[in-house]
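Since the structure of chain A is provided, determine the placement of chain B on it from the hints.
2 protein chains.
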Amino acid sequence: MVKVMATGTFDILHMGHIYYLKEAKKLGDSLAVVVATDSTVRKLKHEPINPQEIRLNIIKELKIVDEAYIGYEDDKYEIVKEISPDIIALGFDQLLDENEIKNQLKKRAIKVKVVRLNELKGGSDLEGTRRIISKIIAAYDFQKDMEKIEKR
Amino acid sequence: MVKVMATGTFDILHMGHIYYLKEAKKLGDSLAVVVATDSTVRKLKHEPINPQEIRLNIIKELKIVDEAYIGYEDDKYEIVKEISPDIIALGFDQLLDENEIKNQLKKRAIKVKVVRLNELKGGSDLEGTRRIISKIIAAYDFQKDMEKIEKR
Numbered sequence: 598m599v600k601v602m603a604t605g606t607f608d609i610l611h612m613g614h615i616y617y618l619k620e621a622k623k624l625g626d627s628l629a630v631v632v633a634t635d636s637t638v639r640k641l642k643h644e645p646i647n648p649q650e651i652r653l654n655i656i657k658e659l660k661i662v663d664e665a666y667i668g669y670e671d672d673k674y675e676i677v678k679e680i681s682p683d684i685i686a687l688g689f690d691q692l693l694d695e696n697e698i699k700n701q702l703k704k705r706a707i708k709v710k711v712v713r714l715n716e717l718k719g720g721s722d723l724e725g726t727r728r729i730i731s732k733i734i735a736a737y738d739f740q741k742d743m744e745k746i747e748k749r
Numbered sequence: 598m599v600k601v602m603a604t605g606t607f608d609i610l611h612m613g614h615i616y617y618l619k620e621a622k623k624l625g626d627s628l629a630v631v632v633a634t635d636s637t638v639r640k641l642k643h644e645p646i647n648p649q650e651i652r653l654n655i656i657k658e659l660k661i662v663d664e665a666y667i668g669y670e671d672d673k674y675e676i677v678k679e680i681s682p683d684i685i686a687l688g689f690d691q692l693l694d695e696n697e698i699k700n701q702l703k704k705r706a707i708k709v710k711v712v713r714l715n716e717l718k719g720g721s722d723l724e725g726t727r728r729i730i731s732k733i734i735a736a737y738d739f740q741k742d743m744e745k746i747e748k749r
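So the protein sequences, as listed, match chains A and B. Per my numbering, the first sequence starts with residue 598, numbered consecutively. Per my numbering, the second sequence starts with residue 598, numbered consecutively.
The shape of chain A in the complex, shown without the other chains (with noise of 0.2 Å):
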């Protein structure tokens, strides 16, 4: 039995989510999910959409996903630990250094494999989270200019 650990915000979920999930669990037999604490989210990208227990719980509702965790605060290893996956599979997009991440892991000896991920086609690039909220500025930037039009 190979477990592969994978990890992310996942706030909003898309397509780009799921590729990157199934090509996490084709590198073994289970898919463990570490989802990133809101103090981590908002350190690392911006204020969440959606808070991290509902992240959680949406991540959980996934075929593909056999378990799921919020991720640690101050040691986001902890959690590598206690999950004790065989393999933790990286997003081709995700800002993550490869090398630093093996090398915490060697000073705490844990035994797990990292692997980078290829880009996937038609994957999160496209249908990212970006691409959603810009829709929905783009809309209300519209309607916004509409109520302008009417108002002369």
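Hints are computed from structural coordinates only; laboratory data are not their basis. Treat the hints with care, since some could be wrong.
DSSO-like mimics (lysine-lysine), calculated; alpha carbons at most 30 Å apart, straight line [claimed, not checked]:
1. Lys673/A to Lys642/B
2. Lys622/B to Lys619/A
3. Lys642/B to Lys623/B
4. Lys673/B to Lys703/B
Pairwise CB distance ranges, derived in the manner of DEER restraints [to be verified]:
5. Arg728/B to Asp742/A: 38 to 48 Å
6. Ala706/A to Arg713/B: 35 to 45 Å
7. Lys640/B to Glu697/A: 43 to 53 Å
8. Leu693/B to Lys704/A: 38 to 48 Å
9. Phe689/A to Ser731/B: 45 to 55 Å
10. Lys703/B to Leu641/A: 52 to 62 Å
Calculated Cβ distances over 10 Å to all of chain A for the following chain B residues [unchecked claim]:
11. Met598
12. Ile651
13. Ile733
All residues carry an ideal CB built from backbone N, CA and C; glycine is no exception.
Relative to chain A, chain B alone:
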């Protein structure tokens, strides 16, 4: 084997959708989901954020879902004939006229029970698409205001 049918737009998946699908499935053994076409969404609600294929594909990834299809344009009862459910589950907040549906089904000699689900605690209202969209817009407005201040 009791087959339940549920319907919706399912644009930007949230916990309200999951609660609705779980309550629907409780009525039977197997769950078939009909995802509204883009043109139906345009007619009834607004421009969809995600196109119908993506909305369908994400719904198919849910553990709770056994089958999923895109609805028909002209006669929405055609898909009911094809799926042949024992029960149609209407969400508590779905703007569908129960009696009108029952009449239309009768006219077509489709034998199926129509059940209106009760409102769920912590359900769609709190965690719905509108809440997600307004959070995105609030963040966008805040960012624009900050840019204005910086320009002064």
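Status of each hint after checking the structure:
no. : hint                             : in the structure
1   : Lys673/A to Lys642/B             : violated (42 Å)
2   : Lys622/B to Lys619/A             : holds (25 Å)
3   : Lys642/B to Lys623/B             : holds (28 Å)
4   : Lys673/B to Lys703/B             : holds (14 Å)
5   : Arg728/B to Asp742/A: 38 to 48 Å : violated (24 Å)
6   : Ala706/A to Arg713/B: 35 to 45 Å : violated (58 Å)
7   : Lys640/B to Glu697/A: 43 to 53 Å : holds (52 Å)
8   : Leu693/B to Lys704/A: 38 to 48 Å : violated (58 Å)
9   : Phe689/A to Ser731/B: 45 to 55 Å : violated (32 Å)
10  : Lys703/B to Leu641/A: 52 to 62 Å : holds (56 Å)
11  : Met598                           : holds (20 Å)
12  : Ile651                           : violated (6 Å)
13  : Ile733                           : violated (5 Å)
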